[in-house]
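Colleague: Spelled out from the first residue to the last, the chains are:
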Amino acid sequence: KAGVTQTPRYLIKTRGQQVTLSCSPISGHRSVSWYQQTPGQGLQFLFEYFSETQRNKGNFPGRFSGRQFSNSRSEMNVSTLELGDSALYLCASSSPGTSRYNEQFFGPGTRLTVL
Amino acid sequence: AQTVTQSQPEMSVQEAETVTLSCTYDTSENNYYLFWYKQPPSRQMILVIRQEAYKQQNATENRFSVNFQKAAKSFSLKISDSQLGDTAMYFCAFTPPTASKLTFGTGTRLQVTL
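As they're listed, the protein sequences go chains A and B. Sequential numbering from 1 applies to the first sequence in my numbering. Sequential numbering from 1001 applies to the second sequence in my numbering.
Keep in mind that the hints are not guaranteed to be accurate.
Straight-line alpha carbon distances no greater than 20 Å define the calculated SDA-like cross-link-like pairs of lysine to any residue that follow [said to hold, decoys possible]: (1) A/57 / B/1097; (2) B/1055 / A/103; (3) A/57 / B/1029; (4) A/1 / B/1046; (5) A/57 / B/1033; (6) A/57 / B/1027; (7) A/57 / B/1099; (8) A/57 / B/1003.
I should point out that these hints are in silico values taken from the structure, not numbers from a laboratory.
All chains, full assembly: derive it from the sequences and hints.
Modeller: Written out as structure tokens, the structure is:
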């Protein structure tokens, strides 16, 4: 099976712009979670989508949003970018309804730099 | 809210030796899952080992094993016969049983040397 894929791998934006990141989960995985990784704050949970519905949300401002499509692919959007949004954004997928539901498989991440 | 603490920012071990990484957590839940993830330099996060809180038996995956002490809320990772490829950042993580919502520790950077 192919692993979790994320596009693009690298992105450079300027303050005030918006950005959309994409994640394709492992085939058959219907849950997609997003995390932000920074040197200062570490790994922080953004949100989880399952069956096109946001099921859990972390403590991030409303500028961070996401969605999931019927094929389980997910996108996250960050509007009005700030310098502090520079981070590695990780996507992870898992398979609810199985005994290994809580095991999350991570993609390679999208490195976002905000100038 | 759950918290995960890794008190060892960096550790070093010689090849073929054994090393133990520490992790403590805090939660009011009785059932949950604990994980160790490995993030090699510039490479993606890999699941190393998984422990279910309701299971008394410590999980083992080849050279990796855990010491899970539920009452003490401790979850350490032992790596036996360390290999150069074990060099990575190791994260301890917690999740409740009904959500894919990992809470991570700050990580331990492990360097395996010759």
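Colleague: Next step is simple, just say for each hint if it's right about the structure.
Modeller: Hint check results:
{"no.": "1", "hint": "A/57 / B/1097", "in the structure": "holds, 16 Å"}
{"no.": "2", "hint": "B/1055 / A/103", "in the structure": "holds, 16 Å"}
{"no.": "3", "hint": "A/57 / B/1029", "in the structure": "holds, 19 Å"}
{"no.": "4", "hint": "A/1 / B/1046", "in the structure": "holds, 16 Å"}
{"no.": "5", "hint": "A/57 / B/1033", "in the structure": "holds, 19 Å"}
{"no.": "6", "hint": "A/57 / B/1027", "in the structure": "holds, 18 Å"}
{"no.": "7", "hint": "A/57 / B/1099", "in the structure": "holds, 11 Å"}
{"no.": "8", "hint": "A/57 / B/1003", "in the structure": "holds, 16 Å"}
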